[in-house]
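Trainee: Here's the letter readout for the chains.
Number of protein chains: 2
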Amino acid sequence: MKPSTKKAVVLLSGGLDSATVLAHAVSKGYDCYALSFDYGQRHRFELKAAKKVAKALGAKEHKVVKVGLSSFGGSALTADIPVPKKKSHKDIGPEIPVTYVPARNTVFLSLALAWAEAIGARDIFIGVNALDYSGYPDCRPEFIRAFTRTANLATKAGVLGEKFRIHTPLIKLTKAEIIRMGRGLGVDYDMTHSCYDPAADGTPCGRCDSCLLRAKGFTEAVGT
Amino acid sequence: MKPSTKKAVVLLSGGLDSATVLAHAVSKGYDCYALSFDYGQRHRFELKAAKKVAKALGAKEHKVVKVGLSSFGGSALTADIPVPKKKSHKDIGPEIPVTYVPARNTVFLSLALAWAEAIGARDIFIGVNALDYSGYPDCRPEFIRAFTRTANLATKAGVLGEKFRIHTPLIKLTKAEIIRMGRGLGVDYDMTHSCYDPAADGTPCGRCDSCLLRAKGFTEAVGT
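Chains as they are written, first to last, in the working numbering: chain U, 1073 to 1296; chain P, 1073 to 1296.
Any given hint could be a false lead.
Treat identical chains as interchangeable: a pair holds within one or across any two.
Cut-off 20 Å, straight-line C-alpha distance, at most; resulting in silico cross-link-like pairs (EDC-like, lysine to aspartate or glutamate) [said to hold, decoys possible]:
id, residue 1, residue 2
1, Lys1135, Asp1110
2, Lys1138, Asp1110
3, Lys1235, Glu1167
4, Lys1100, Asp1260
5, Lys1159, Glu1292
6, Lys1079, Asp1103
7, Lys1124, Asp1260
8, Lys1228, Glu1214
9, Lys1228, Glu1167
10, Lys1120, Asp1273
11, Lys1235, Glu1214
12, Lys1159, Asp1269
13, Lys1127, Asp1260
14, Lys1100, Glu1214
15, Lys1158, Asp1110
Keep in mind the hints are simulated off the structure, nothing from the lab.
Only a predicted model underlies this, so the values are computations on that prediction, with no experimental measurement involved.
Using the sequences plus the hints, can you model the full thing?
Mentor: Structure below.
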């Protein structure tokens, strides 16, 4: 398919960050192809949120693609390992936590690249950020740079000189700044889901890293 | 899981090349974790071959993981696009053919990386080769180098300084040399399947690029 400067693939988990990224990409005039994954995650409830968010923010299309990451295990999000619970975001240390899923963003970006090339998109958006995050190595700028280089060597489009661009509009923002950005773009965060370990009806646990970082973001964003 | 210098993840399609790679990795003393993908490929029959090959060559474990590449389309192997048929391997041109699957090896290596990290393996084997191949960009050494760099930035293991190595023992071999190597290692090529467009019972078409390159390899390997 012919390359298009208007189409973009946007990775959409259903969480706060990726919803903001989708709103941002739409506001920049891209026709957005939102991509979510059913990878056997404990918090599969997020896919319901992703569906609502994609519709509300005007994604051109939304795909939920199956990928069998849970058959590998190795993470509290995909195997029978408890999700750590804490009292405060201050208890979140600098180490890489057990909620790290081996190679997850490499797998997700690879699949985004596959869809992008198939539909002629050369722009991919991902909501990684290197500040209020969980210490995951695949959220860092050096990873994104290395993946971009790989993408342009891996693909027919890259060989033909049609470079892929990976956009990370949140990478230098705090959670509060992300929320302010999203509010400015009309994101309804009630639709989003962040909890790693929700009840069956989606009720968040309130004590996992993801809940605590979300709560801290909303507290800090108040009145600003 | 603690890193192991004995474990390796080996990408196994069920074809001639990857069977040879598995035999090579076993001969080097690795405990081999063979990984195949059900990605909606037209030649899904290859997964039956992969199962036989993994067992015959002594893989420690064999996983077939689902990944929804066919939901993106964009290839004669995953969408309703005819597989080109030719009279001779001499008709195979230098251009990237319609059997190219967008970002396939990036997706496959990402998933191999995920399994490797989860089980503590730091070695990954893939049967790409840059000579008698189909002109796919994700079979080139520069792609493999870029992916390796990405893998070591993407992962917890990489951050901890436990480098991943991606082995490409066939990259500089002709098909005939691969077959000779495999025969030396006891590979029974009757178990393998190469055709992109087989009949329902697995009978190869004999005229796709993959069939023609396979036939050329066996012809050239005769008597050597």
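Trainee: None of the hints should be skipped; say for each whether it holds.
Mentor: Hint check results:
1. In this homomeric assembly, Lys1135 and Asp1110 come within 20 Å of each other (Cα to Cα) both inside a single copy, at 10 Å, and across copies, at 18 Å.
2. Taking identical chains as interchangeable, the C-alpha atoms of Lys1138 and Asp1110 lie at most 20 Å apart whether they share a chain (5 Å) or sit on different chains (11 Å).
3. When the C-alpha separation of Lys1235 and Glu1167 is checked against a cutoff of 20 Å, the pair qualifies only between copies, where the shortest distance is 19 Å, while the shortest distance within a copy is 35 Å.
4. For a Cα distance limit of 20 Å, the shortest separation of Lys1100 from Asp1260 inside one copy, 18 Å, qualifies, whereas the shortest one across copies, 56 Å, does not.
5. For a Cα distance limit of 20 Å, the shortest separation of Lys1159 from Glu1292 inside one copy, 18 Å, qualifies, whereas the shortest one across copies, 68 Å, does not.
6. For a Cα distance limit of 20 Å, the shortest separation of Lys1079 from Asp1103 inside one copy, 5 Å, qualifies, whereas the shortest one across copies, 44 Å, does not.
7. Proximity of Lys1124 to Asp1260 under the C-alpha cut-off of 20 Å is restricted to the intra-copy arrangement: shortest distance 10 Å within a copy versus 52 Å between copies.
8. In this homomeric assembly, Lys1228 and Glu1214 come within 20 Å of each other (Cα to Cα) only across copies, at 14 Å, whereas the closest approach inside a single copy is 24 Å.
9. Taking identical chains as interchangeable, the C-alpha atoms of Lys1228 and Glu1167 lie at most 20 Å apart only when they sit on different chains, with a minimum of 10 Å there against 38 Å within one chain.
10. Taking the shortest alpha-carbon separations for Lys1120 and Asp1273, only the intra-copy value of 11 Å comes in at or below 20 Å, while the best inter-copy value is 40 Å.
11. Taking the shortest Cα distances, Lys1235 and Glu1214 sit within 20 Å of each other both inside one copy (18 Å) and across copies (16 Å).
12. Proximity of Lys1159 and Asp1269 under a CA criterion of 20 Å is satisfied intra-copy only: 15 Å inside one chain copy versus 57 Å between copies.
13. For a Cα distance limit of 20 Å, the shortest separation of Lys1127 from Asp1260 inside one copy, 12 Å, qualifies, whereas the shortest one across copies, 53 Å, does not.
14. Neither within a single protomer nor between protomers do Lys1100 and Glu1214 lie at most 20 Å apart by alpha-carbon distance, with minima of 25 Å and 34 Å respectively.
15. With identical chains, the CA atoms of Lys1158 and Asp1110 are never at most 20 Å apart, being 27 Å at best within one copy and 39 Å at best between copies.
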